[in-house]
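Make a model of the complete structure from these sequences and hints.
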Amino acid sequence: MKLSRERLIQSDGAVSVLVVFLGFLVGTILIALVGKNPLNMYKAILQALSGYNIDNGKMNIRYIAETINYSVPFILCGLSMGFANRVGLFNIGGEGQYIMGMTIAQMVALLGPQVQGLHWVLAILCAIIIGSLWGGLVGVLKAKYEVSEVVSTIMLNYIALYLSRIITLQMPGATTYKTANFPETALITNDFFTKVTNYSLLNNGIFMMIIAVIVFWFIMEKTSLGFGMRATGFNKEAARASGIPVVKSIALSMAIAGAFAGLAGGIVALGSFKYGRVLSGMDNYGFDGIAVALVGNSTALGTALAGLLFGMLKNAQALMQSKQIPKEITFIIQGMIVIFIALRSALILYQQYLDKKKLQKEVGVK
Amino acid sequence: MSMILGMLPSVLMIVAPILITAIGGMICEKSGVVNIALEGLMAIGACTTAAAHVLMEMAGVPHTLSLFLALFMGLVVGGLFSIIHAVAAINFNADQTISGTGINLLSTGVTIFASQILFNADRTKEFMMGMQTDALGIYPTAYIAVAVVILSWFLLYKLPFGMHLRACGEHPGAAESVGINVKKMRYFAVLSSGVLAGLAGGCVVLTQTIQYTSNTINGRGFIALAAVSFGRWNPLGVTGAAFLFGTAQAFAIIANNVPALKVLPSEVFNILPYVVTLVALVLFSGKNYAPSAAGQPYEKGAS
Numbered sequence: 001m002k003l004s005r006e007r008l009i010q011s012d013g014a015v016s017v018l019v020v021f022l023g024f025l026v027g028t029i030l031i032a033l034v035g036k037n038p039l040n041m042y043k044a045i046l047q048a049l050s051g052y053n054i055d056n057g058k059m060n061i062r063y064i065a066e067t068i069n070y071s072v073p074f075i076l077c078g079l080s081m082g083f084a085n086r087v088g089l090f091n092i093g094g095e096g097q098y099i100m101g102m103t104i105a106q107m108v109a110l111l112g113p114q115v116q117g118l119h120w121v122l123a124i125l126c127a128i129i130i131g132s133l134w135g136g137l138v139g140v141l142k143a144k145y146e147v148s149e150v151v152s153t154i155m156l157n158y159i160a161l162y163l164s165r166i167i168t169l170q171m172p173g174a175t176t177y178k179t180a181n182f183p184e185t186a187l188i189t190n191d192f193f194t195k196v197t198n199y200s201l202l203n204n205g206i207f208m209m210i211i212a213v214i215v216f217w218f219i220m221e222k223t224s225l226g227f228g229m230r231a232t233g234f235n236k237e238a239a240r241a242s243g244i245p246v247v248k249s250i251a252l253s254m255a256i257a258g259a260f261a262g263l264a265g266g267i268v269a270l271g272s273f274k275y276g277r278v279l280s281g282m283d284n285y286g287f288d289g290i291a292v293a294l295v296g297n298s299t300a301l302g303t304a305l306a307g308l309l310f311g312m313l314k315n316a317q318a319l320m321q322s323k324q325i326p327k328e329i330t331f332i333i334q335g336m337i338v339i340f341i342a343l344r345s346a347l348i349l350y351q352q353y354l355d356k357k358k359l360q361k362e363v364g365v366k
Numbered sequence: 001m002s003m004i005l006g007m008l009p010s011v012l013m014i015v016a017p018i019l020i021t022a023i024g025g026m027i028c029e030k031s032g033v034v035n036i037a038l039e040g041l042m043a044i045g046a047c048t049t050a051a052a053h054v055l056m057e058m059a060g061v062p063h064t065l066s067l068f069l070a071l072f073m074g075l076v077v078g079g080l081f082s083i084i085h086a087v088a089a090i091n092f093n094a095d096q097t098i099s100g101t102g103i104n105l106l107s108t109g110v111t112i113f114a115s116q117i118l119f120n121a122d123r124t125k126e127f128m129m130g131m132q133t134d135a136l137g138i139y140p141t142a143y144i145a146v147a148v149v150i151l152s153w154f155l156l157y158k159l160p161f162g163m164h165l166r167a168c169g170e171h172p173g174a175a176e177s178v179g180i181n182v183k184k185m186r187y188f189a190v191l192s193s194g195v196l197a198g199l200a201g202g203c204v205v206l207t208q209t210i211q212y213t214s215n216t217i218n219g220r221g222f223i224a225l226a227a228v229s230f231g232r233w234n235p236l237g238v239t240g241a242a243f244l245f246g247t248a249q250a251f252a253i254i255a256n257n258v259p260a261l262k263v264l265p266s267e268v269f270n271i272l273p274y275v276v277t278l279v280a281l282v283l284f285s286g287k288n289y290a291p292s293a294a295g296q297p298y299e300k301g302a303s
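Heads up: the sequence lines are chains A and B, in that order.
Just so we're aligned, residue 1 is where the first sequence starts under UniProt numbering, counting upward by one.
Just so we're aligned, residue 1 is where the second sequence starts under UniProt numbering, counting upward by one.
Don't read these hints as lab results, they were simulated from the structure.
Hints are not guaranteed to be accurate.
[As the list claims (entries may be wrong)] In silico DMTMM-like cross-links for lysine to aspartate or glutamate, where the CA-CA straight-line distance does not exceed 20 Å: (1) Lys357/A to Glu299/B; (2) Lys178/A to Asp122/B; (3) Lys183/B to Glu267/B; (4) Lys183/B to Asp95/B; (5) Lys323/A to Asp55/A; (6) Lys184/B to Glu299/B; (7) Lys356/A to Glu299/B; (8) Lys236/A to Asp95/B; (9) Lys300/B to Glu184/A; (10) Lys178/A to Asp191/A; (11) Lys184/B to Glu267/B; (12) Lys274/A to Asp191/A; (13) Lys36/A to Asp122/B; (14) Lys43/A to Asp55/A; (15) Lys236/A to Glu221/A; (16) Lys323/A to Asp122/B; (17) Lys274/A to Glu184/A; (18) Lys236/A to Glu146/A.
[Claimed, not checked] Label pairs and their computed distance ranges (CB to CB): (19) Asn234/B to Val363/A: 46 to 52 Å; (20) Leu133/A to Pro62/B: 55 to 61 Å; (21) Val247/A to Gln132/B: 54 to 60 Å.
[As the list claims (entries may be wrong)] Here's a subset of chain A near chain B, in silico, CB distances under 10 Å, partners left out: (22) Ile29; (23) Leu30; (24) Tyr145; (25) Met155; (26) Leu156; (27) Leu161; (28) Ile206; (29) Phe340.
Please read all numbers here as calculations on a predicted model, not as lab measurements.
All C-beta atoms in this analysis are idealised placements derived from N, C-alpha and C, irrespective of residue type, glycine included.
So, in structure tokens, the structure goes:
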């Protein structure tokens with residue numbers, strides 16, 4: 001009994017399941033407290049997850065496809081946060097890297113060469129590159145000048161937002177909220193998906209996301225570069241003493257983290273929208289990516305699963321609203337999940353307390 | 001010159017809430033706890049104040065009393081939510097960035113959720129009248145901000161209590177050894193930052209808009225956080241930083257009406273505070289002005 005409790009407390013996966021459960025519990029109680037039926041929330045979630053509408057018994061595969069499509073940027077931004085996290089950095093800048101990726105992808109889509117097969121590749125590549133530059137800058141500032149990455153990424157998020165507005169407002173056909181439509185060659189829509197999934201927005205971005213998850217896993221677990229990064233994350237001084245180039249690790253890890261978020265921006269721009277957007281605020285994928293990575297314990301598979309959970313919640317929002325459940329409950333659930341993750345350090349304190357009690361019992365101290 | 005003087009009231013209107021929040025953030029970091037939840041706490045204060053004010057207005061409560069009570073409620077609710085951060089950071093040695101991020105995420109949900117329940121909309125109902133300016137065209141929030149700055153300076157640098165608080169942020173172990181209760185001090189600091197951010201959120205709503213929406217705070221809390229670093233963790237510096245950033249923000253709004261400023265997109269002024277902070281952090285990188293124990297959990301007995 002005791003052993004199993006110890007193991008549960010030490011297992012990252014079990015704790016993640018627990019915090020998600022607690023987050024939903026708070027959400028459910030809150031819905032009930034304001035006099036709504038929590039069952040409606042779960043009906044919406046079921047429909048977002050399986051496409052099955054429990055009220056009229058109809059099945060629509062489009063909902064599943066939309067859930068997956070929503071989860072793509074969540075997973076990529078989660079990978080961004082997770083990658084930096086493994087090196088001991090806190091990347092709040094996913095949002096800025098995402099915005100820059102989106103902005104450049106939009107720019108290339110509108111101004112780039114309209115060659116079939118080349119145009120969108122170029123746009124996505126540029127998004128990845130600008131994302132990695134935006135993230136790499138943070139890494140350089142941290143490694144060279146010891147500027148806290150928490151503060152610098154927050155600053156760069158807002159710089160990215162307003163820079164994006166300045167750039168996008170100069171694009172062809174720009175009004176105060178959108179630009180002209182992208183040419184066909186820039187889009188990453190997938191006709192097969194569109195037909196099979198009843199005109200969902202699911203697009204080729206899913207393949208890029210899967211490649212990104214594999215790349216994350218490969219770099220982290222299978223290369224000496226990843227080993228050096230993880231070592232830096234565990235103990236910077238020990239890593240330095242064993243000859244691991246810590247400064248390079250930090251800068252490079254932020255650049256790779258930025259690349260994931262930049263890719264997310266490119267995919268959203270070319271896959272889910274057919275025109276460039278003049279942002280009036282943040283899309284929040286980057287911020288939610290923090291929660292995704294925390295729930296997924298910064299591993300490739302965990303982040304992918306957590307991203308699916310968040311994509312499902314986002315897709316369920318509209319369904320909830322139609323069932324008189326305020327859709328903001330999903331934000332509350334997400335926020336509570338992150339707060340419970342912060343509180344998980346209490347579990348460690350609890351374990352220490354138990355250990356102490358046990359020891360006292362063994363040596364006979366009352 | 002007259003143009004700059006003419007701008008002064010609107011600059012003060014924009015600076016005041018940023019300054020109030022930044023002072024709270026500064027007190028918090030001085031005690032050794034970093035609070036990146038300022039943005040979320042401002043939003044919670046703003047939503048509470050807006051909702052309370054409009055409900056009291058509808059119930060026929062006298063205007064001044066309603067304003068006062070609404071601000072007070074924003075302050076209290078801001079303080080209540082900051083308890084989450086305090087418990088996580090102080091009692092449970094949690095990662096302060098994670099719990100701050102959690103509150104920020106939570107606030108976007110809680111504020112609009114409350115509006116949905118109270119007003120059946122994704123924003124609070126518009127109130128008829130916010131704060132009124134005095135004879136000089138200045139909102140009372142400016143005077144509140146000045147009072148907060150002076151009080152915080154007096155508290156931190158002129159009272160033994162303030163010295164104790166700062167000691168907790170520099171070397172909590174040493175502070176504990178001379179009998180200072182580090183946990184209590186840090187609780188006080190985190191709660192003050194919550195209370196001040198809540199108050200500042202209310203000030204934003206009552207002076208710059210007529211309702212709370214998801215866009216009301218729009219990064220002001222993060223600007224305040226930047227002002228703390230840029231102002232090098234002392235009241236005068238933070239005041240200067242808040243003024244610099246607030247003026248830049250005011251320019252961004254005014255730029256659209258002044259032909260001379262129209263050559264630049266108004267976003268240039270929006271970017272300014274963030275770029276200035278980033279550059280300043282690099283320039284001052286050699287010398288560290290931050291409280292040395294800021295962001296680190298303190299465990300009693302562990303050295």
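The hints, checked one at a time:
1. Proximity of Lys357/A to Glu299/B is assessed by CA-CA distance (about 19 Å); at most 20 Å being required, the pair is judged to hold.
2. Only pairs whose Cα atoms come within 20 Å are accepted, and Lys178/A paired with Asp122/B is rejected, the gap being roughly 23 Å.
3. With a C-alpha separation of about 43 Å, the suggested pairing of Lys183/B with Glu267/B is violated against the 20 Å cut-off.
4. Restraint check: the Cα-Cα separation between Lys183/B and Asp95/B comes to about 16 Å, which is no more than 20 Å; the hinted pair holds.
5. Between the alpha carbons of Lys323/A and Asp55/A the distance comes to roughly 11 Å, so the proposed pair stays at or under 20 Å and holds.
6. Between Lys184/B and Glu299/B the alpha-carbon distance is near 13 Å, which keeps this suggested pair within the 20 Å criterion.
7. Our distance criterion of 20 Å between C-alpha atoms is met by Lys356/A and Glu299/B, whose separation comes to about 16 Å.
8. With a CA separation close to 18 Å, the supplied pair Lys236/A and Asp95/B stays within the 20 Å bound.
9. With a CA separation close to 63 Å, the supplied pair Lys300/B and Glu184/A exceeds the 20 Å bound.
10. About 25 Å separates the Cα atoms of Lys178/A and Asp191/A, which puts this hinted pair outside 20 Å; it is violated.
11. Our distance criterion of 20 Å between C-alpha atoms is broken by Lys184/B and Glu267/B, whose separation comes to about 43 Å.
12. The straight-line distance between the Cα atoms of Lys274/A and Asp191/A is roughly 15 Å, inside the 20 Å bound, and the hint therefore holds.
13. A hinted pair counts as satisfied when its Cα atoms are at most 20 Å apart, and Lys36/A with Asp122/B qualifies at roughly 17 Å.
14. Restraint check for Lys43/A and Asp55/A: the C-alpha separation of about 8 Å stays at or below 20 Å, so the hint holds.
15. With a C-alpha separation of about 18 Å, the suggested pair Lys236/A and Glu221/A falls inside the 20 Å cut-off, and the hint holds.
16. Distance hint between Lys323/A and Asp122/B is fulfilled; the C-alpha atoms sit about 16 Å from each other, no more than 20 Å.
17. Note on Lys274/A and Glu184/A: the hinted pairing holds, with a Cα-Cα distance of about 9 Å set against a maximum of 20 Å.
18. As the CA atoms of Lys236/A and Glu146/A are separated by approximately 14 Å, the hinted pair is consistent with the 20 Å bound.
19. Checking the proposed 46 to 52 Å range against Asn234/B and Val363/A shows it holds: the Cβ atoms sit about 50 Å from each other.
20. Distance hint for Leu133/A and Pro62/B: a CB-CB separation of about 57 Å, consistent with the stated range 55 to 61 Å.
21. Between Val247/A and Gln132/B the CB atoms are about 56 Å apart, so this pair conforms to the stated range of 54 to 60 Å.
22. For Ile29/A, the interface hint is violated, the least distance from its beta-carbon to any beta-carbon of chain B being 13 Å, above 10 Å.
23. Using the Cβ-Cβ criterion of 10 Å, the hint placing Leu30/A at the interface with chain B is satisfied: the shortest such distance is roughly 8 Å.
24. Contact between Tyr145/A and chain B, as hinted, is supported at the beta carbon level, the nearest pair being about 4 Å apart and thus within 10 Å.
25. Checking Met155/A against chain B: minimum C-beta separation of about 4 Å stays under 10 Å; hint holds.
26. Interface hint status for Leu156/A: upheld, as the beta-carbon distance to the closest one in chain B is roughly 7 Å, under 10 Å.
27. The restraint placing Leu161/A at the interface with chain B holds, with a minimum CB-CB distance near 8 Å, inside the 10 Å limit.
28. For Ile206/A, the interface hint is violated, the least distance from its beta-carbon to any beta-carbon of chain B being 26 Å, above 10 Å.
29. The interface hint given for Phe340/A holds, since its Cβ lies 8 Å from the closest Cβ of chain B, which is under the 10 Å cut-off.
Of the numbered hints stated above, those contradicted by the structure are hints 2, 3, 9, 10, 11, 22, 28, listed in ascending order.
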